[in-house]
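First to last, the sequence lines map onto chains A and B. Position one of the first sequence corresponds to residue 2 (this note's numbering), numbered consecutively onward. Position one of the second sequence corresponds to residue 2 (this note's numbering), numbered consecutively onward.
If you are wondering where the hints come from, they were derived from the structure by calculation, not from laboratory data. Check each hint, because a few of them may be wrong.
Pairs count within a copy or across copies, as identical chains cannot be separated in the list.
[As the list claims (entries may be wrong)] Straight-line Cα separation of at most 27 Å, BS3-like style, residue types lysine-lysine; simulated pairs:
hint, residue 1, residue 2
1, LYS140, LYS334
2, LYS425, LYS561
3, LYS561, LYS578
4, LYS334, LYS178
5, LYS310, LYS490
6, LYS225, LYS105
7, LYS105, LYS178
8, LYS140, LYS129
9, LYS531, LYS561
10, LYS176, LYS151
11, LYS467, LYS531
12, LYS467, LYS490
13, LYS531, LYS425
14, LYS151, LYS79
15, LYS181, LYS105
16, LYS130, LYS140
17, LYS118, LYS130
18, LYS561, LYS574
19, LYS151, LYS233
20, LYS151, LYS82
21, LYS531, LYS574
22, LYS181, LYS490
23, LYS390, LYS227
Note that the structure is predicted; figures quoted are calculated from it, not measured.
There are 2 protein chains.
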Amino acid sequence: MKMRISEILESLRISMGVNGAQWYLADTADPHASEYVSPHYAEREFLSGFTGSAGTLLVGIETALLWTDGRYYVQAEKELKDSGITLMRSGDAGVLSLEQYIEKYFASGDTLFLDGKLISAEKGLRLKKALSSAGCKIKIGRNLTHVIWKDRPADSAEEIRVLPPELCGCDYKQKLKDLKDALAEAGAEACVLCALDEQMWLFNLRGRDIPCNPVAYAYTVVTKQKVSLYAKERAVNDELCAFARDEDITLRPYEDFYKDLTDLHFEGAVLLDPKSCNFLILRILQRNGNRTVCADSPVKAAKAVKNEKEQEWIRKVYLEDSAVLTRFLRYVKEQGAGQDELSLARRLDEMRLSLADCSDLSFSTISAFGPNAAMMHYEATEEHSDVLKEGGFYLVDSGGQYDGGTTDVTRTLAIGEVPAELKKQFTRVCAGMLALQNAVFLSGAAGRNLDILARQPVWEMAMDYKCGTGHGVGYMLNVHEGPQNIRTKLQPGQTDAELLPGMLVSDEPGVYVAGSHGVRIENILLVQHKTENSDGEFLCFEPLTWVPVDLDAIDAEALKPHEREWLNAYHAKVREKLMPLLRDPEDAAFLHRATREI
Amino acid sequence: MKMRISEILESLRISMGVNGAQWYLADTADPHASEYVSPHYAEREFLSGFTGSAGTLLVGIETALLWTDGRYYVQAEKELKDSGITLMRSGDAGVLSLEQYIEKYFASGDTLFLDGKLISAEKGLRLKKALSSAGCKIKIGRNLTHVIWKDRPADSAEEIRVLPPELCGCDYKQKLKDLKDALAEAGAEACVLCALDEQMWLFNLRGRDIPCNPVAYAYTVVTKQKVSLYAKERAVNDELCAFARDEDITLRPYEDFYKDLTDLHFEGAVLLDPKSCNFLILRILQRNGNRTVCADSPVKAAKAVKNEKEQEWIRKVYLEDSAVLTRFLRYVKEQGAGQDELSLARRLDEMRLSLADCSDLSFSTISAFGPNAAMMHYEATEEHSDVLKEGGFYLVDSGGQYDGGTTDVTRTLAIGEVPAELKKQFTRVCAGMLALQNAVFLSGAAGRNLDILARQPVWEMAMDYKCGTGHGVGYMLNVHEGPQNIRTKLQPGQTDAELLPGMLVSDEPGVYVAGSHGVRIENILLVQHKTENSDGEFLCFEPLTWVPVDLDAIDAEALKPHEREWLNAYHAKVREKLMPLLRDPEDAAFLHRATREI
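The shape of chain A in the complex, shown without the other chains (with noise of 0.2 Å):
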């Protein structure tokens, strides 16, 4: 049976007494800052029920609170019902930072306690000072929950696969002698490299430890003299160990790493990204007398910008993807009411599955039928699967892991016939995603100039999107990855990075209306240069996604002129590039109607 959130917060505040602390922290956090944690990293969840992709729980002696984002605020105030647990929204007015409580409401000489592998650096840091200016400590430990989580999933531990050369464009001498020009540029002589995805670029290679992101556990410290990886031995291969060799890399155990970190006195200073590396590796050098430079990867930088060779991939993968999704998109808007969420996400999901190239999934599908959508990562589970009915809007934001690239893209359909006030925000909400997509701007843009162009149309209604409009997307990856964005405001440790020719970004801007309905249409964009004259350079966004926009939600008076031109145009686009690709007749004359021009 499993045990209550209360009961297991009980066991936990014993564990916190034994090691004099008032106060433990678990944050949404495996060692390598990962975005997605795998099951094993899950304490978080544990801890607090609550499964949305992010969020910091913070357990006292007689509280227990837990700060999310706008995406998850639905969510959360169910998944923390009866938990005693306070939701504290993140961003909102006159919510306290986590940062801020601590300011307000320790005591002077309380204690925090947490693990240092499972924060990252940044917010240790941040998290040191709030402390420190409330006159409390901070106590670095073993992980407190380990021993209460009986039944806690093992780690994982797959293979590593040593991509082929043909999927990669630059190979791993290239990339290395590109990092190495990067330090000497920020002042430093080696860096140690913690998040995965940065990794799996660097080498080229590719694992399955965490579900959807093809990335393996690991840590690698590279030096002037010297590369070391840091991997479970049940993932090396022989493969990869041929690589290493031919590429003169050492592999050790990934168990060792904090032990040779411990060990190792670089020559010259060693960089590490805050926003990455977690605290402990940062303590471990500092506490050895090693020079630091903070800062922000330079592998983070270089992976962001696709070369030809990927974009090539890229194009075609998201081609065949939103074929897939055309058709799954068909079969829904056919069969209309009636059908379960649930259902629908693993159908989307057996058609993608069965393709050749997709290994994976790029994240869990989103199917979310009424009020349900309004949760911006709604789950739909056994336990609760919600019924399509006629005059609702259903969103599916789905996606694929492709051998040639990854990909997330996001439709709202009209089941029947929709309320004229849905159809109006749908439309404008469309308005927003078209602008956005069809936007022209200067090379020095960043996504926070480019933001309003999507968000303007929902804003004009006295709405807003409580979340970005966009994020970068990993090559066969994680489908969120940075430094690039499309935000309105920074979130802390966010950093204001240009928009450069072959970075990816989302274009994604909705309406989510709390118990009622939830509108977001998704096109991932690829930048690309337009022209340059004695002004500048001058960017643009070439539509990687090809899925038709339901125009049955479509209100076509909401539309200006302009806005119903390039909707008319990206139509046609989809239709002429997507037609090859459906064989069956009767997804053909579907694409034929659902592409329109209105």
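We have chain A already, so just place chain B on it with the hints.
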């Protein structure tokens, strides 16, 4: 006879040698970090011959460089010709910043000499950091230019005016209380105010020490117990003495400020704004062991939000100013080609200054035809004043200091029939101006979020204007004020201020084609509450400027339908609001024609 720039620089270099300095820095600055400086402080202009309102001159033993921004490239190129001074285009790709130049070109051991009063603390700290990383020293001392500058204009000390309550809307007592609250909030007990407009605002005083800026030279020290105002003795009249006595303000001579400051020891932390306090003040405070809090001045933030009374006055004054400009535009359009820039500027200035409540211009009128309009801050002079010709654009950017507000407005007029390409550019600039004016945005948005609304139509033509879209505007104060602005990127030291109800911003996109033409259309906007719901508070803009946009320069085909509606709606309101102010039937007829529906 005027000394040549090369001779001046040679004399300066001798002084530098005597002082053991290899480098000398002259910023555009007075001791109060004023944007516009009085002739007495025009050191950078004296040394370089460059007359723009922004620029930093660095003089070395063999070299001299001047950094200025995009508004002044064309003008600076012209004025620096034959001076031996290299123009550094700030912000252009590949152009080193001053700090980067220091790090790259200064030899280890070099000394940079500067007048610590004539550079802001923030710039001083940045310089110090760059110098220290280049192994160089900074030497703060008496101004080196003073001895060379034989005909240096005398310093100004005009009488200070105490504003009548009916012009204020908020009295000094309340403002002081708010300031003390803000200081406590920032963890400080005292503050030093150096910015002149902040002091004028706090005390409800006005001066006349800087042309077009109704400010008086002053320093203010606020502690828990005492408020000291340092003013020039000649500026202090009976009225000010009585006010100071009533309000318990200690009046001290301006000249004694640095001596007093050196002797002062503050009980708690003292707040100073490094952007407006000069470097010497910071050094004195720190040398004396005072704890300093470097933060944005709370007065700056408070001053930017206009109270209800101020808003009433501003509306009235902007309408009056709009009527004057409209009458002037009629004159220009009717007279057409053949007039000269300087005469036109003088006519407009006279028209404004003949109004009973207009005491000064808010900046030197920009009256520019053809290629001259490509220089954003061009000023026609006796020596150079071009004649308007058929087929070109005439740009006039001007404003007044009124009892009840500071105005700023730009219009561009077609003289005769202009080429289609110019019309198209004008039309797209107009579309950008209208898009920003009609924006709806969520509270919390900053100017950086909104900038693209005005700039997108210009970017779509693969053009860009190398300046911000908008700036704050003072109330009976400086025509440029912060903290708000509307820009793509922040400049060093600029903060990302949220737009708050009650703030003014200018909305002035443009195109500038060197050697050919310039277009700028500028309205001033007041941030207003629009509506509030569970998604937050939504804001919008109330236009304050009511002046026709020249329809002869509009290519109706280049307007999207909703843009045409915006323009027609704006013109209908211009007509409605302005008509009662125009007594001359021919002015009324002009307004009628100029605001016709298209």
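When no copy is named, should LYS151 and LYS233 be tagged within, between, both, or neither for a Cα gap of at most 27 Å? Close inside one copy (23 Å), not across copies (78 Å); limit 27 Å.
Check LYS425 against LYS561 for me: Cα-Cα at most 27 Å, and say if that holds within a copy, between copies, both or neither. both (12 Å within a copy, 21 Å between copies)
My question is about LYS181 and LYS105: at a cut-off of 27 Å on alpha-carbon distance, are they close within one copy, between copies, both, or neither? Cα proximity of LYS181 and LYS105: across copies only (22 Å, versus 44 Å in one copy).
I want to check one pair: LYS467 and LYS490. Are their C-alpha atoms no more than 27 Å apart within a copy, between two copies, both, or neither? So LYS467 and LYS490 pass the 27 Å test inside a copy (11 Å) and across (24 Å) alike.
Checking LYS334 and LYS178: alpha-carbon separation at most 27 Å within a copy, between copies, both or neither? neither (52 Å within a copy, 64 Å between copies)
How do LYS531 and LYS574 come out at 27 Å by Cα distance, when the copy is not named: within, between, both, or neither? within (19 Å within a copy, 39 Å between copies)
With identical chains treated as interchangeable, where does the CA-CA distance between LYS310 and LYS490 reach 27 Å or less: within a copy, between copies, both, or neither? neither (33 Å within a copy, 33 Å between copies)
Between LYS561 and LYS578, at a C-alpha cutoff of 27 Å, which is it: within one copy, between copies, both, or neither? Classified as within; 26 Å inside a copy, 29 Å across copies.
First find the shortest C-alpha distance between LYS531 and LYS425 inside one copy, then the shortest across copies, and answer within, between, both or neither for a cut-off of 27 Å. between (33 Å within a copy, 20 Å between copies)
State whether the alpha carbon distance between LYS140 and LYS129 is at most 27 Å within one copy, between copies, both, or neither. Classified as within: same-chain Cα gap 10 Å, cross-chain 38 Å, threshold 27 Å.
Up to 27 Å between alpha-carbons, please classify LYS118 paired with LYS130: within, between, both or neither. Within one copy only: 18 Å inside a chain, 34 Å across chains, cut-off 27 Å.
When no copy is named, should LYS176 and LYS151 be tagged within, between, both, or neither for a Cα gap of at most 27 Å? Neither: 43 Å inside a chain and 61 Å across chains, both beyond 27 Å.
In summary, the numbered hints that this structure violates are 1, 4, 5, 10, 22 and 23.
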